[in-house]
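Colleague: In numbering that gives the first Met the number 0, the protein residues as written are 0 to 433.
Misleading hints may appear alongside valid ones.
Listed next, the in silico DMTMM-like pairs over lysine to aspartate or glutamate satisfying Cα-Cα at most 25 Å (straight line) [to be verified]:
# : residue 1 : residue 2
1 : K247      : E375
2 : K386      : E340
3 : K382      : E358
4 : K386      : E267
5 : K254      : D385
6 : K94       : D290
7 : K286      : D192
8 : K94       : E112
9 : K44       : D192
Now the in silico label distances, taken between C-beta atoms and shown as ranges [as the list claims (entries may be wrong)]:
#  : residue 1 : residue 2 : range
10 : R18       : A52       : 20 to 26 Å
11 : S183      : A364      : 36 to 42 Å
12 : L361      : Q411      : 32 to 38 Å
Think of the hints as simulated: they come from the structure by calculation, not from any bench.
For every residue, glycine included, the Cβ atom is placed at its ideal position computed from N, Cα and C.
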Amino acid sequence: MFALLDCNNFFASCERVFRPELAKTPIVVLSNNDGCVIARSQEAKALGIAMGAAVHLVRPLIQRYQVRVFSANFELYGDLSNRVFSLLQESLSPKAVEIYSIDEAFLDLSMLEPRLLVDFCQELRRQTHQWTGIPVSIGIGQTKTLAKVAAGLAKKNAYKPNPSTHSGVFSLATLPCHNDSQDSILAQVPVQDIWGIGFRLTPALQGRGIQTAYDLKYADDAVLLKRYGSTLLRTVWELRGTICYPLKTTCSVRKSIVCSRSFGQMVESFTDLMQAVATYTARASEKLREDGLQAGCITVSIRTNRFRPDEKQYRASHSIRLPVPSDDTPTLIQAARQCLEHIYQHGFLYHKAGILLQELTLLSARQQDLFEVPSEHSAVLMKTLDKLNRHHGHGSIRFASEGLTRPWWMKQSHRSPCYSSRWEERPRIQVQAL
DNA sequence: TCTGGGGTCCTAGGACCC
DNA sequence: TCTGGGGTCCTAGGACCC
0 MFALLDCNNF FASCERVFRP ELAKTPIVVL SNNDGCVIAR SQEAKALGIA
50 MGAAVHLVRP LIQRYQVRVF SANFELYGDL SNRVFSLLQE SLSPKAVEIY
100 SIDEAFLDLS MLEPRLLVDF CQELRRQTHQ WTGIPVSIGI GQTKTLAKVA
150 AGLAKKNAYK PNPSTHSGVF SLATLPCHND SQDSILAQVP VQDIWGIGFR
200 LTPALQGRGI QTAYDLKYAD DAVLLKRYGS TLLRTVWELR GTICYPLKTT
250 CSVRKSIVCS RSFGQMVESF TDLMQAVATY TARASEKLRE DGLQAGCITV
300 SIRTNRFRPD EKQYRASHSI RLPVPSDDTP TLIQAARQCL EHIYQHGFLY
350 HKAGILLQEL TLLSARQQDL FEVPSEHSAV LMKTLDKLNR HHGHGSIRFA
400 SEGLTRPWWM KQSHRSPCYS SRWEERPRIQ VQAL
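Using the sequences and the hints, build the whole thing.
Modeller: What follows is the structure in structure tokens.
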């Protein structure tokens with residue numbers, strides 16, 4: 000038996016944890032560079048501010064309803080996310096929790112008697128809110144896909160005008176999978192709300208008369224497999240109660256690391272562009288070392304602003320395979336420079352750059368190279384660098400190639416403090432003497 | 001003026017092998 | 001008129017997720 004615990008309006012809820020006076024205020028959180036809306040509080044959703052909306056398009060709504068605007072603060076969200084998941088792992092067991100994303104976790108509840116499931120989840124929900132300040136919804140189902148469907152329904156119930164005490168938890172598991180009442184619930188769920196059905200599949204399925212989760216559950220396997228592949232078929236089987244996606248608790252080694260950002264202002268020169276690429280490479284290398292990995296391949300990509308069709312457009316990327324896998328920032332920056340030299344074209348206004356590290360291997364399982372000259376010096380230097388940056392914040396110690404003034408740096412005009420992860424930004428309490 | 005960032009998995013097709 | 005069959009590996013592109 001699976002449950003999906005989903006944090007409600009997560010980024011907006013995080014902003015409220017340390018600003019309780021904003022409990023009823025509409026809130027939006029913006030993407031890096033303050034470009035578009037990536038999270039909304041319930042009040043902001045009710046105002047009709049769409050997910051992903053460009054800020055300049057919803058500015059009138061923001062001003063009219065005095066919506067509180069925040070720049071994304073992923074350090075804060077990551078820290079609160081860890082607190083929520085630690086609590087789950089303590090309440091259940093680390094082996095029963097799969098951290099699926101920054102704000103969601105699948106839980107294996109097969110150790111509980113079915114009649115206790117809902118009460119257990121209610122208690123978990125209450126405790127999470129009390130201990131972390133984050134409101135959550137929980138869905139229960141025989142498979143992950145059904146638990147996801149249930150979580151969606153739980154969230155809807157939680158924000159009804161008069162939520163009942165049982166809102167915020169929804170179980171599909173108290174009903175057998177081929178029961179009419181479970182089917183009647185699935186018949187209310189639009190096909191695009193199912194986990195795994197995206198914006199491409201939705202119109203294709205609708206064109207075949209598949210409008211709801213119920214329609215998909217009873218669709219023809221052979222047709223779906225031939226036309227759409229095995230991934231969709233797994234989703235269908237999960238709707239029928241057959242587990243195709245077991246709980247993944249061992250954290251698998253990741254396969255790529257990306258660092259890409261759009262610029263605060265357009266960049267034209269090679270020097271400025273290289274500064275950005277060096278900065279992103281340094282950040283990605285840091286992540287690489289955090290996970291004890293080395294990269295065998297690096298890709299650099301650059302592009303102009305695709306939203307300005309009247310300007311000359313250009314996009315390109317180039318990859319280099321390193322002679323020996325590396326986690327050394329200078330080595331990777333050097334390779335990134337070669338990539339950029341390969342694709343840079345003078346005369347364009349660049350809007351975004353990114354780097355991608357691939358062919359990641361564990362440092363502990365590295366293949367020795369016959370001609371390699373091992374450098375212990377590098378390992379010590381990188382370790383020291385990471386320690387300093389962990390303690391004083393990202394980018395406190397940088398490579399000169401990352402630049403000093405950095406005019407291209409992203410805009411973050413409304414970032415809240417990292418209340419819970421930086422000493423100098425911790426909340427202050429003023430006590431007034433009576 | 002202003003439109004995100006970081007991931008995974010699957011499939012088709014080409015290149016190559018014997 | 002007719003031009004093998006079976007296999008692996010790699011890559012690009014497309015789909016999805018949050």
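Colleague: Work down the list of hints and note, for each, if the structure agrees.
Modeller: Verification of the hints:
{"no.": "1", "hint": "K247 with E375", "verdict": "36 Å, violated"}
{"no.": "2", "hint": "K386 with E340", "verdict": "32 Å, violated"}
{"no.": "3", "hint": "K382 with E358", "verdict": "22 Å, holds"}
{"no.": "4", "hint": "K386 with E267", "verdict": "34 Å, violated"}
{"no.": "5", "hint": "K254 with D385", "verdict": "22 Å, holds"}
{"no.": "6", "hint": "K94 with D290", "verdict": "20 Å, holds"}
{"no.": "7", "hint": "K286 with D192", "verdict": "33 Å, violated"}
{"no.": "8", "hint": "K94 with E112", "verdict": "18 Å, holds"}
{"no.": "9", "hint": "K44 with D192", "verdict": "17 Å, holds"}
{"no.": "10", "hint": "R18 with A52: 20 to 26 Å", "verdict": "23 Å, holds"}
{"no.": "11", "hint": "S183 with A364: 36 to 42 Å", "verdict": "52 Å, violated"}
{"no.": "12", "hint": "L361 with Q411: 32 to 38 Å", "verdict": "34 Å, holds"}
Consistency note: the structure conflicts with the earlier hints numbered 1, 2, 4, 7, 11.
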